[in-house]
Structure formats: structure tokens, C-alpha cells
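Work out the full structure, taking the sequences as your base and the hints as a guide.
Number of protein chains: 2
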Amino acid sequence: MTTAESSSLKVAIIGGGLVGALEACFFAKRGHNVRLYEYREDIRLVEEIRGRSINLALSARGRAALREVGLEDLLVKDHGIPMRARMIHGKDCSLTEILYDPVNKNCIYSVNRRYLNEVLLNAAEKYPNVRLYFNKKLVSADLERGKMTFLDRKTSEEEETSADLIVGADGAFSTVRRIMTKRPLYNFSQTYIEHGYMELCIPAKDDGKFAMAKNNLHIWPRGEFMMIALPNQDGSYTVTLFAPFETFNSLNTARKLLDFFREQFPDAVPLLGEDKLTEDFFSNKPLPLISIKCRPFHVQSSALIIGDAAHAMVPFYGQGMNTGFEDCLILDRLFETHRSDLSKVLPAFSEARCTDSHVICDLAMYNYIEMRDLVNKKSFIVRKHLDTFLYWLLPNTWVPLYNSVHFSRIPFHKCTANRSWQEKIIRRGAYFLITIIFAVLVGILSGQRIIKF
Amino acid sequence: MTTAESSSLKVAIIGGGLVGALEACFFAKRGHNVRLYEYREDIRLVEEIRGRSINLALSARGRAALREVGLEDLLVKDHGIPMRARMIHGKDCSLTEILYDPVNKNCIYSVNRRYLNEVLLNAAEKYPNVRLYFNKKLVSADLERGKMTFLDRKTSEEEETSADLIVGADGAFSTVRRIMTKRPLYNFSQTYIEHGYMELCIPAKDDGKFAMAKNNLHIWPRGEFMMIALPNQDGSYTVTLFAPFETFNSLNTARKLLDFFREQFPDAVPLLGEDKLTEDFFSNKPLPLISIKCRPFHVQSSALIIGDAAHAMVPFYGQGMNTGFEDCLILDRLFETHRSDLSKVLPAFSEARCTDSHVICDLAMYNYIEMRDLVNKKSFIVRKHLDTFLYWLLPNTWVPLYNSVHFSRIPFHKCTANRSWQEKIIRRGAYFLITIIFAVLVGILSGQRIIKF
Chain Y
176 MTTAESSSLK VAIIGGGLVG ALEACFFAKR GHNVRLYEYR EDIRLVEEIR
226 GRSINLALSA RGRAALREVG LEDLLVKDHG IPMRARMIHG KDCSLTEILY
276 DPVNKNCIYS VNRRYLNEVL LNAAEKYPNV RLYFNKKLVS ADLERGKMTF
326 LDRKTSEEEE TSADLIVGAD GAFSTVRRIM TKRPLYNFSQ TYIEHGYMEL
376 CIPAKDDGKF AMAKNNLHIW PRGEFMMIAL PNQDGSYTVT LFAPFETFNS
426 LNTARKLLDF FREQFPDAVP LLGEDKLTED FFSNKPLPLI SIKCRPFHVQ
476 SSALIIGDAA HAMVPFYGQG MNTGFEDCLI LDRLFETHRS DLSKVLPAFS
526 EARCTDSHVI CDLAMYNYIE MRDLVNKKSF IVRKHLDTFL YWLLPNTWVP
576 LYNSVHFSRI PFHKCTANRS WQEKIIRRGA YFLITIIFAV LVGILSGQRI
626 IKF
Chain D
176 MTTAESSSLK VAIIGGGLVG ALEACFFAKR GHNVRLYEYR EDIRLVEEIR
226 GRSINLALSA RGRAALREVG LEDLLVKDHG IPMRARMIHG KDCSLTEILY
276 DPVNKNCIYS VNRRYLNEVL LNAAEKYPNV RLYFNKKLVS ADLERGKMTF
326 LDRKTSEEEE TSADLIVGAD GAFSTVRRIM TKRPLYNFSQ TYIEHGYMEL
376 CIPAKDDGKF AMAKNNLHIW PRGEFMMIAL PNQDGSYTVT LFAPFETFNS
426 LNTARKLLDF FREQFPDAVP LLGEDKLTED FFSNKPLPLI SIKCRPFHVQ
476 SSALIIGDAA HAMVPFYGQG MNTGFEDCLI LDRLFETHRS DLSKVLPAFS
526 EARCTDSHVI CDLAMYNYIE MRDLVNKKSF IVRKHLDTFL YWLLPNTWVP
576 LYNSVHFSRI PFHKCTANRS WQEKIIRRGA YFLITIIFAV LVGILSGQRI
626 IKF
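Residue numbers (my numbering), protein chains in the order written: chain Y, 176 to 628; chain D, 176 to 628.
Worth flagging that the hints you see were computed from the coordinates, not collected in a lab. Please note: incorrect hints may appear among the correct ones.
If chains are identical, the list can't say which one is meant, so a pair holds when it fits in one copy or spans any two.
Said to hold, decoys possible - As a list, the in silico SDA-like pairs of lysine to any residue whose alpha-carbon atoms are at most 25 Å apart:
(1) LYS519 with SER425
(2) LYS357 with HIS533
(3) LYS589 with ASP531
(4) LYS357 with ASN459
(5) LYS357 with PRO490
(6) LYS519 with ASN424
(7) LYS559 with TRP573
(8) LYS451 with ASP434
(9) LYS185 with ALA527
(10) LYS357 with ASN424
(11) LYS599 with TYR541
(12) LYS460 with ARG470
(13) LYS599 with TYR577
(14) LYS357 with VAL314
(15) LYS312 with ARG353
(16) LYS519 with TYR367
(17) LYS460 with GLU319
(18) LYS357 with ASP317
(19) LYS460 with PRO471
See the structure below:
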């Protein structure tokens with residue numbers, strides 16, 4: 176299993192979430208010595224985790240990375256629930272199914288965040304060259320020299336350590352990135368959207384079965400806000416309400432809440448249960464959504480950020496985790512290409528990933544508008560059908576944006592460049608048609624001497 | 176001179192640069208008690224200041240603010256040098272003059288940064304309710320509670336103080352903003368461009384006269400880089416070279432530098448003087464250019480950022496200082512409207528200024544491309560002439576972007592909305608013309624039975 180390198184590196188991974196744990200597997204497979212430091216305690220020993228989304232949509236990019244460390248089948252085939260289509264719930268309780276990929280029948284998979292994280296930590300721990308440390312808070316780091324100071328959150332003791340390479344996989348509020356941001360010429364942006372999210376739950380039916388169609392990502396698009404639901408292994412759905420903070424704030428009594436839900440999501444109310452909905456809603460508070468872009472992702476040949484630390488995005492394209500997993504895969508390929516020469520691998524990683532991650536961050540932001548609004552519009556449906564037809568006709572040439580993002584590993588910037596090209600063709604085609612029709616009409620009228628030149 | 180408010184506020188202004196000093200005058204005029212804290216020593220006592228641009232272009236927005244505190248005439252009429260046009264210098268030593276405002280003959284004014292700052296500090300100091308403190312470094316602040324800790328850079332002693340309102344006018348690397356950025360839901364971005372700048376000098380001729388046309392902003396646009404020159408009171412020009420850092424780095428010998436200048440800026444070399452150019456170039460290093468956007472500009476009813484602290488921009492639209500000065504004017508108007516009620520004034524200021532400042536930051540970024548490249552292109556010149564013609568024809572309807580930004584106080588977002596509308600009209604007009612011509616041709620051919628329907 177282990178591909179020994181000519182010289183093995185001391186790698187410190189900061190963060191034992193999904194991307195950090197997967198990255199540990201990749202480095203271990205290459206024979207490097209990995210120490211993974213996680214701020215929280217070991218989630219495998221914790222009963223309940225709050226404040227993070229419960230399930231996630233896994234697609235091609237994430238799957239490709241999991242395949243590489245031998246975990247794809249376990250997570251996708253054995254555990255994941257395939258979602259073949261969006262199921263649009265109207266305010267009149269109507270249902271409209273929009274297939275993700277009518278041509279190739281590809282699916283995205285609903286997976287449980289906690290299960291996935293546990294599987295990845297177990298996999299990492301199995302490598303003899305990986306050690307996991309929990310309750311270790313990174314206090315400071317000298318990224319150029321690979322030096323770090325950790326605070327042990329149990330003993331309150333500080334300890335210093337060093338590594339050849341520091342990998343920040345410490346999430347949207349990354350400490351490693353915060354240190355990077357202070358460097359000269361560092362580009363950085365953090366954007367909070369004016370909408371928050373709250374997770375609710377539709378439990379399984381009494382017989383343990385799903386209360387709605389199982390193989391769908393359910394969406395209640397309502398223009399200014401929306402609700403979605405993804406299926407879980409146990410027959411329940413994790414439901415997420417996305418709305419402006421002021422909408423959340425205005426629902427300050429059970430009465431207002433239920434009136435709002437009965438009007439906006441009438442078919443969901445009996446499934447959520449009025450009492451349970453009220454209890455869940457008022458025992459939680461809406462959480463913010465942040466989008467992070469930065470450049471570069473590395474410092475010299477000694478530090479790197481990956482995953483949400485490098486490109487946290489709003490969740491509306493379902494690509495946050497997938498992009499993070501793809502980071503691991505691309506980094507691994509670069510280690511291969513440049514024979515673990517960090518002075519080449521790290522700049523090449525920034526080169527390969529910065530622009531692409533900015534593109535997917537922007538797409539995710541844009542898709543919020545599409546999900547909560549455009550899917551209600553005729554023009555969107557017509558365009559979707561046109562795309563599907565052209566994709567069926569020209570499967571290698573006309574890949575719709577959604578398909579290239581979810582079901583291919585085409586770099587994100589090429590996906591959007593393709594889309595721009597498609598838009599141009601359609602626009603020009605339309606102008607051309609109109610001009611021809613107009614000219615033919617003029618020609619006919621003039622030929623019949625109805626108009627004269 | 177002093178308009179007494181019903182209750183006067185304790186205002187702490189952080190930063191005694193252009194915007195901080197002007198803001199002190201505005202607050203003093205309203206009868207508030209102002210303490211201004213500047214990190215550096217008093218520039219009025221210093222011989223030479225390095226690292227900041229030497230002259231600046233003052234236009235309508237800045238003038239309007241200076242007028243309000245009675246300084247417009249002194250700075251514009253007595254001191255400023257009017258620049259009526261861009262003077263484009265070709266590689267073949269050709270000169271092309273492009274008037275800024277052929278219709279109304281408006282000018283922008285070249286003013287000396289240091290002189291301007293001294294005038295503003297003197298003006299602020301004249302108010303009995305203003306006190307200036309120099310060598311005071313803001314170490315930390317509790318923005319909600321108006322508490323601040325300063326380090327005296329002479330005595331190395333720390334002192335604590337408080338105010339009803341903290342105003343951060345502490346520039347692109349603002350400490351006040353850095354503290355704001357850590358607050359929840361704070362949006363922030365810092366972008367460095369890949370180009371740096373270096374200031375050089377064309378001295379006055381032996382007779383004290385200007386070596387080039389005086390009333391111009393001189394531009395040597397060269398695609399990937401450019402050089403500009405603004406006139407100074409003493410007959411000299413401050414010349415600024417903008418180029419990719421790698422271009423600066425490649426000019427690492429006197430030979431290479433002179434070859435480069437002789438090829439790219441042949442008419443400027445004798446004016447710069449080969450020896451002086453070489454000396455200036457190698458005793459300086461290129462400085463970075465940063466663009467800062469953030470939102471909001473205030474914290475509750477106790478803190479605010481203005482000027483570069485709130486919206487540092489690249490210098491290519493000549494609006495950095497003007498926008499900062501306009502901040503002071505708009506804030507003053509809001510104090511009037513909301514009768515100094517900080518809980519209303521501060522949110523209203525963010526509302527009025529955030530979007531507008533993002534627009535001008537983006538315009539400034541875009542204008543770098545225009546200045547160094549597009550002005551060389553035929554399409555740009557044609558569009559400029561079309562704009563001028565339509566502006567002359569419809570002076571109230573068709574205000575070109577450059578004119579509305581420089582010579583009006585139309586909010587920036589309306590300037591760009593206008594521009595988008597103009598682009599749409601031109602595009603549609605062009606399509607319409609082409610379609611009509613095509614149809615007429617078809618009609619003629621068909622009427623003559625050359626083609627048949």
C-alpha cells in the first residue's frame with residue numbers, strides 16, 4: 176500500500192475534518208510521516224456534534240479522490256443514497272422532477288458527514304506512519320520555517336514542534352490562513368451572504384421508510400428564500416431552511432412560524448410535525464454562510480492550505496467537500512510529477528487550484544439565485560431542455576455546466592468557459608434566426624411588390 | 176464659524192493624513208470636541224517624506240468638500256495646476272491630446288500631497304475644539320465601547336482613552352478596520368495587483384519652466400505597463416512608472432534600464448536625464464498597489480472608518496483622495512439630517528457609501544487597463560468621439576462615465592448604471608442598423624428579381 180519516496184517528509188496537517196483526514200491518507204500512502212492535529216476532541220468518541228451540516232452531496236470529484244485511497248465503494252455504494260433528480264415542491268403542493276443527468280443517468284450521493292469523517296479518520300489511523308492528536312489548538316506558526324506552537328486544550332500546556340511541510344486543512348476560519356494573510360502581496364476576501372441557514376428534520380415514517388421520494392434532492396424554491404431536504408440512511412431527511420436573517424428574526428413566535436410554514440411549505444408541515452418543527456426551530460439559531468477566496472495557497476516550500484481553509488464556499492453547488500477532496504487528489508498528482516520536490520509542488524498547486532477555486536466559489540454564490548428562484552421560471556426550464564437535447568446530440572461538445580461540475584473532473588474554469596461559449600452560440604443563433612426571418616419577410620413583400628425599393 | 180450642536184460629542188480621529196485632517200475640520204465646525212491621533216510625527220516638522228505619491232489629481236468631489244471648510248480657493252485656484260487633457264506619448268515620440276471635457280471645459284487639478292496635508296492640519300488646528308497628537312500608535316480598541324489604547328512612540332508609554340465616536344481615517348492598512356474585520360458577518364477583501372509603481376522626476380528646465388506641456392496629465396501607455404507624469408508648482412513633473420514586478424526585477428543593470436527607457440519612452444529619456452533616472456531608479460524599489468473593499472463601515476453607534484481605511488483603491492481613476500474627501504462631506508450631511516444621532520448617522524453612512532466605494536474601487540481597477548492599453552486602440556478613440564458628440568447633443572442625458580465621475584457628484588453606482596445603459600443603447604443601435612441594411616439589401620435584390628421568394 177505504501178509507495179516509499181526516496182526521502183520521506185515530516186508533514187503536519189492542521190485539522191482532522193473531512194479534508195485533513197483524507198489528506199493524511201494520501202501523504203501516508205506516499206510514505207511520508209504524518210502528524211494530524213485537531214482542535215476538537217475525537218469525534219469518534221463524541222455523542223453529538225452540533226453546528227455543522229449533517230449530510231453532504233458527494234459527486235465525481237470527491238469520488239475520484241476517495242477511489243484513490245480505496246474508500247469509494249464503502250462510502251458511495253454501501254453508504255451513500257443516490258439522488259437522481261431535483262424534486263421541486265410548489266406552494267400548491269405540486270411536484271416536478273428535474274433529472275440531473277437525463278443523458279448519462281449520473282447521480283449525486285447523500286452521505287452523512289459524521290460517518291464520512293469517522294471512516295476517514297479510521298483509514299488514516301491504519302497507516303503506521305500517521306499519528307492523530309486531538310484537542311490541539313494551533314496558537315502560532317512560523318510558516319517559512321515550519322515551526323508551530325500548539326495549546327493542549329485538556330492540559331492547557333503549550334508545546335512547540337516543527338515539520339517540513341505544514342498543511343492547513345483547518346476550515347473556513349483557518350488559523351494557518353490567518354497567518355498567511357498577513358504576508359506581503361497576499362490577496363484575500365471573506366464574504367458573508369445576508370442569508371443564514373437552519374437545519375430541521377423530517378423523521379422516517381413509523382415503518383422506517385422515507386416520507387418522501389427517496390432518490391431526490393428536494394427543493395422548495397420560494398424566490399427570496401428556500402428549503403431543501405437530503406435523505407439519510409435511517410429513513411429521515413435533513414432539511415435546511417435558507418433565508419435572510421431578517422426572515423428568521425421575524426418568525427419570533429410559534430404562531431408566526433407555523434403560519435409561515437403552512438403558507439410556504441404546506442406539504443412539508445405534516446412531515447416535519449408542527450410540535451417538532453417549533454421545538455427544533457426555537458432551540459436553534461440561524462448560522463451564517465461565508466465565502467472565502469485567497470491567493471496563493473502556499474508559502475515558499477513549507478506551507479499550504481487546502482479545503483475550506485483555502486476556499487470556503489456557500490453550499491449551493493454542493494461542491495465544498497468535493498473541491499476539498501479534489502485538492503488532495505491534485506496535490507498527490509503534483510507530488511508524483513515533481514517527485515516530492517516541495518519547491519515545485521507547492522507553487523504548482525496554487526497555480527492549479529487558486530483560479531479554479533475562485534470560479535467554483537462564484538458559481539456556488541450564483542447557484543443560490545438559481546436554486547431559490549430561477550428553477551421556478553419558464554426560461555430556466557426551456558434552457559434546461561435545450562441543454563439536455565444538445566448534450567444528447569453532441570455528448571462530447573455540449574456538456575451542460577451542471578454536468579461538467581458534478582459528473583466530470585474538467586477544471587472549473589473550463590466548465591464556465593464552456594458555458595460562456597454555449598451562451599454565445601445560443602445568443603448568436605437567436606439573433607441570426609431573427610435577422611433571417613425579418614429579411615425573408617421583407618424579400619417576400621418586396622418580391623410581391625407590396626413594398627418597393 | 177462653529178455651528179454648536181445641542182450636545183457636543185467627544186470624537187477621536189485615528190490618522191492625520193488628508194482625510195483625517197479634513198474630517199477634523201468638519202467635526203470642529205459642528206462644535207464637537209475632536210482629538211486627532213497620528214502614528215507618524217508632524218509632517219509639518221519633517222524635511223522629507225518617502226513612500227507616498229507626491230502629487231494627486233483633485234476633482235469635483237474633493238473640491239466640494241474643501242469648499243465646505245473654506246479651503247477650495249487656496250488649494251485649487253492658488254495652488255493647483257489645471258490639467259485639461261490627457262497627453263498621449265507614442266513610442267515614435269508622437270503626441271496626441273485627448274481633452275477630458277471638450278463640452279464643459281472642466282479640468283482636474285494637480286496638487287502636492289504634502290502641501291495639501293499641511294494646509295489641512297493647519298486649518299484643523301485653528302479650531303479651538305481640535306487637538307492634534309502625533310507619534311501615537313493605536314494599539315487596541317474596543318469599538319463598541321469607544322475605548323482605545325495608544326502607544327506613544329517617543330516615550331514608549333501606553334495610555335488609555337475613550338470617545339463617543341472613533342473615526343478610523345488610518346489609511347489602507349488601518350488598525351481600526353483590522354479590529355472591525357474580526358466582527359461577525361464582516362465582509363472584507365484585500366487585493367494586490369501584480370504591478371508595482373515607482374516615482375521618478377522630470378526636473379524644471381534651467382529657466383524654471385516646464386519641460387513638457389504644463390496643463391496635461393502625460394501618459395505613455397504601453398500595453399502591459401505605462402508611465403504617467405503630473406506637473407508640480409516648481410516646474411517639475413512627478414513621473415510614475417507602473418509595471419509588473421517582474422518587469423522591475425528584470426531591469427537590474429543601468430544598461431538594461433536605459434535600453435528599456437530608450438525603447439519605450441524615447442521622448443522622456445532626455446527630460447528624466449540618464450544619470451538621474453539611473454540613480455532614482457536604483458535608489459528606490461517598486462511599491463505595491465492594494466485595493467480594499469469592506470462592508471459595513473461602522474460599528475453600532477460608536478465607530479466608523481472613512482477614506483482609504485474604508486476603500487483603498489488603485490490610483491488609476493484618480494479618485495482615492497476625492498472619494499475620501501467626499502466621505503467627509505456626506506458624513507457631515509448625515510449629521511445634519513439625523514441631528515447628530517449616531518445610531519442613525521453611522522448606519523446611514525454605510526448605506527450611502529459602501530456600494531459606491533466598491534464601484535469606484537472596481538472602476539479604478541478597470542481603468543488601469545484603459546490607461547495603459549485601450550487609449551492606444553482605435554475603437555476607444557471612436558467611442559470617445561461618439562460619447563463627446565452625444566454629450567454635446569444631449570448634455571443632461573448622455574454624460575460620459577469619466578465626466579460623471581470626475582466632474583459631478585452623481586453617486587458612483589449611478590455613474591456606472593448610466594454607462595451600462597449607454598452601452599446597451601449603442602449595441603442595440605448597431606444591431607438595428609445592421610439588420611435594416613441587410614433587409615434593405617435583400618429587398619432591393621428581390622425587387623429586382625435577382626433573388627426570388
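Here is what the structure says about each hint:
For the identical chains of this complex, LYS519 and SER425 are inter-copy neighbours only, at 22 Å across copies versus 53 Å inside a copy, given an alpha-carbon limit of 25 Å. Taking the shortest Cα distances, LYS357 and HIS533 sit within 25 Å of each other both inside one copy (20 Å) and across copies (22 Å). In this assembly of identical chains, the alpha carbons of LYS589 and ASP531 lie at most 25 Å apart only when taken from the same copy (9 Å versus 32 Å across copies). For a Cα distance limit of 25 Å, the shortest separation of LYS357 from ASN459 across copies, 24 Å, qualifies, whereas the shortest one inside one copy, 35 Å, does not.
Proximity of LYS357 and PRO490 under a CA criterion of 25 Å is satisfied inter-copy only: 23 Å between copies versus 27 Å inside one chain copy. Taking identical chains as interchangeable, the C-alpha atoms of LYS519 and ASN424 lie at most 25 Å apart only when they sit on different chains, with a minimum of 21 Å there against 50 Å within one chain. Taking the shortest Cα distances, LYS559 and TRP573 sit within 25 Å of each other inside one copy (12 Å), while across copies they are farther apart (39 Å). Proximity of LYS451 and ASP434 under a CA criterion of 25 Å is satisfied intra-copy only: 15 Å inside one chain copy versus 78 Å between copies.
For the identical chains of this complex, LYS185 and ALA527 are intra-copy neighbours only, at 24 Å inside a copy versus 52 Å across copies, given an alpha-carbon limit of 25 Å. Taking the shortest alpha-carbon separations for LYS357 and ASN424, only the inter-copy value of 23 Å comes in at or below 25 Å, while the best intra-copy value is 36 Å. Proximity of LYS599 to TYR541 under the C-alpha cut-off of 25 Å is found in both arrangements, the shortest distances being 19 Å within a copy and 23 Å between copies. Proximity of LYS460 and ARG470 under a CA criterion of 25 Å is satisfied inter-copy only: 23 Å between copies versus 33 Å inside one chain copy.
Taking the closest pair of Cα atoms, LYS599 and TYR577 come within 25 Å of each other only inside a single copy of the chain (18 Å); across copies the shortest separation is 30 Å, beyond that limit. Proximity of LYS357 to VAL314 under the C-alpha cut-off of 25 Å is found in both arrangements, the shortest distances being 15 Å within a copy and 17 Å between copies. When the C-alpha separation of LYS312 and ARG353 is checked against a cutoff of 25 Å, the pair qualifies both within a copy, at 14 Å, and between copies, at 23 Å. Taking the closest pair of Cα atoms, LYS519 and TYR367 come within 25 Å of each other only across two copies (23 Å); inside a single copy the shortest separation is 34 Å, beyond that limit.
Taking CA atoms no more than 25 Å apart as the test, LYS460 paired with GLU319 passes between copies only; the shortest distance there is 23 Å, against 40 Å inside one copy. Taking the shortest Cα distances, LYS357 and ASP317 sit within 25 Å of each other both inside one copy (12 Å) and across copies (22 Å). For the homomeric pair LYS460 and PRO471, the shortest alpha-carbon distance between copies (23 Å) is at most 25 Å, but the shortest distance inside one copy (34 Å) is not.
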